[in-house]
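A.B. asks: Next come the chains, spelled out residue by residue.
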Amino acid sequence: MRKSLLTVFAALTVLSLILSACGTPATEVPEPTEAPATEAPEPTEPPAATEAPATEPPAEEQFVFGMLLVGPYNDHGWSQAHYEAGLYVEEKLGAKMIYLDKVNPADRPGTTPDQLAEELVSQGAKLVIFNSDDMKDASTTFAKAHPEINVIMASGDQVWPDGKAYEAIPNMVNIMGRMEYGKMMAGCAAALSTKTGQIGYLGPLINDETRRLAASAYLGAKYCWTEYAGKDAADLKFKVTWIGFWFNIPGFTSDPTQVANDFINTGYDVIISGIDTTEGLTEAKKASEAGKEVFAVPYDFIGSCEEGASVCLGVPYFNWGPAYLETITAAKEGTFESNFQWNGPDWSDINNLETTAVGFVKGDALSPEASAQMDEFIAALAGGLNLWTGPINLQDGTAYLADGEVGTDQQIWYLPQLLEGMEGQSVPQ
Amino acid sequence: MTKNSRWVNVGFQIAALVLALLFTSLILLAAGAPPLEAYKNIVTGAFGSFKKFSDVLVSWVPLLLVSAGLLVTFATGLWNIGVEGQITLGAIATTWALRELQDTGLSPSLILFLAILAGMAGGAVWALLAGALKTFGGVNEIFGGLGLNFVATALTIYLIFGPWKRPGVASMSGTEPFDEALHLSLFPELRLSPWALVIAILAIVFVYFLLQGTYFGLRLKAVGKNFRAAYLLGVPTWQYMMLSFLICGALAGIAGAMQVTAVYYRLIPSISSGYGYLGLMVAMLVNYQAIWAAPVALFFAALNIGSIQLPIVLKLDSSLSGVLQGMLVLFVLIVEGVRQRIARRS
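Chains as they are written, first to last, in this note's numbering: chain G, 1 to 429; chain R, 1001 to 1346.
These are calculated hints, taken from the structure and not from any lab test. Among these hints, one or two may not hold up.
[As the list claims (entries may be wrong)] In silico BS3-like cross-links for lysine-lysine, where the CA-CA straight-line distance does not exceed 25 Å: (1) R:K1040 with G:K102; (2) R:K1315 with R:K1051; (3) G:K102 with R:K1051.
[To be verified] Computed footprint of chain R on chain G, listed as stretches where at least three residues anywhere in the stretch have a Cβ under 8 Å from a Cβ of chain R: (4) 114-126; (5) 238-252.
For every residue, glycine included, the Cβ atom is placed at its ideal position computed from N, Cα and C.
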């Protein structure tokens, strides 16, 4: 009895492992179409990288930078935006990127990001990018333990002299895009497209960053709802539902697919995504195919509308390339200096990929009328319209910005609650 | 056992290893990856530098603790699948103790000591629950344990998003990291704690002597080998079962305590890191002999750490090491079956 039980258990274990392993390599192999220029030279001599990472290659020494991605490199969202920026730097600088994706405790149990960063260093990386807030503490640990390696902590505020958690870490740069503008555009597109006046915001976890981004989307929605659609702000419903992490981790987070469907089934006809992956869009597409009129605004990655172009109103995206190029070039040339960057869009052309840090591409589902109003809105923002201007109250009714008061970077970055008029948790209960 | 048959046994074990490697290579080839290159990367990834080897030891510590505990429950004929949850409860109890004591002004070493004791107790209580379900509720320990694993995960998530959340944050990233004074001290420049290492080694030595050299161990094994006969011979069977649960749970709880005090310095949702299930494989692979647990656990830990190189260098998934581990267990079992069949025939 025991023997047979044992065999069955072992067989099941092995089977599940094989299935999981067989499933993943297929997704891990970089699609050749995505990176022809940069990946092409590699296959000719892959052993070189493994055998002699530390020794000098025959030709000019290639600068190697490493990247830790919190999700899969091809997630059509946050992580892919970073990955593509890495490819951009490879191309522009002739540098070489090595990366490790799915760096989170569920996918890589028993490891810590600082340990994984060292794995990249052991393969020759002279600079390491930590791409998630989830790795913030580990990036500090790593940077302090390895003063000779430069670190980019994306979305972090450790080396912001005006920040709440400032630490002098000479080998660290913080980079973040002013996605507040992108989210305002997302909110605007949603408000101009909703028929029910109900907008659902699919939120990740709750922290300063996600609060201010959800709030920015609301500010954009409210502005366009009242200014362009000419409706009463009180008639706009804006609800945030958080799943608990940047993406779905079965068993640990709420399922974004289910959250999206809950929105759709309760009359929310536009889903703005704040998470790293595209469930909001794909579920909206399914519902639309089933006859419902539902739209979605994905997030993070310039190409993320693809998965549901017919329901996509547009996507606010990060363009990490230019900032990464600048910092990695400095690291290569030995002029790296610690600094905090919160880079805005290039207002002369928010979709100029050589210059902008944040952009917005309109989707197929945006009506011509809404599209024209969006252009107007974007032009107004470029012209200095600042929606973070008082009166703005926090969700519990306390005044945050007085009438006419313009929010400072600190007030926006460290927004303590959602705003009045928004539904959903402000701080964890 | 004659010397000859011992060599035959070793031959069978080697055959199992070769088969496992062969099979994994086939899977690699099917995935379009060069097997030799992959194995080489695993080896250099685990043993390429002293620091890497020390990372292997970091992973070896909890695995060895869990394997040591499982040897005890296996000796009593129990399938303690609930060991994952026992690690988790150990981690929760440790975190609780650290949170309660961190501002009391007690000396950090005393707080750490108490926290690890709390972890032991947490794991033990969770194991006793599985044991009680079996003894008094008639629930097979496999199902009881699995259920308790889910409860443990749910409890962790509740604590992280609820009472123990970081101020203003709701993320499954985990609780607020503990002050550096409350970290187990590490070897300079390494992530390895000498304390953790010593505790793990003491644990396996303890279990080895318990099972090989004591009357108590003999009785545990009697319960495992033949429950009814042991009962008729006067061994208090259910009490012995509960005791073996208790010991295993306590050791798993220490593993959880080590994860909190020497690896993550906080509670995270997947704090058990799968070491429970991996420990089950180690215990099966060593055929319940404590003497082999240390090297086999080291081998598994090396696979875990070494395989991190696979996605970086070869763009392969790290779970390949899991395939190899599983294959190994499977083939060792198959080969053992074949050996017994041959032995019976001759």
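A.B. asks: Does each hint hold? Answer for all of them.
C.D. replies: Hint-by-hint comparison with the structure:
1. R:K1040 with G:K102: Judged against 25 Å, a Cα distance of about 23 Å means the pair holds.
2. R:K1315 with R:K1051: holds (23 Å)
3. G:K102 with R:K1051: holds (23 Å)
4. 114-126: holds (count 7)
5. 238-252: holds (count 6)
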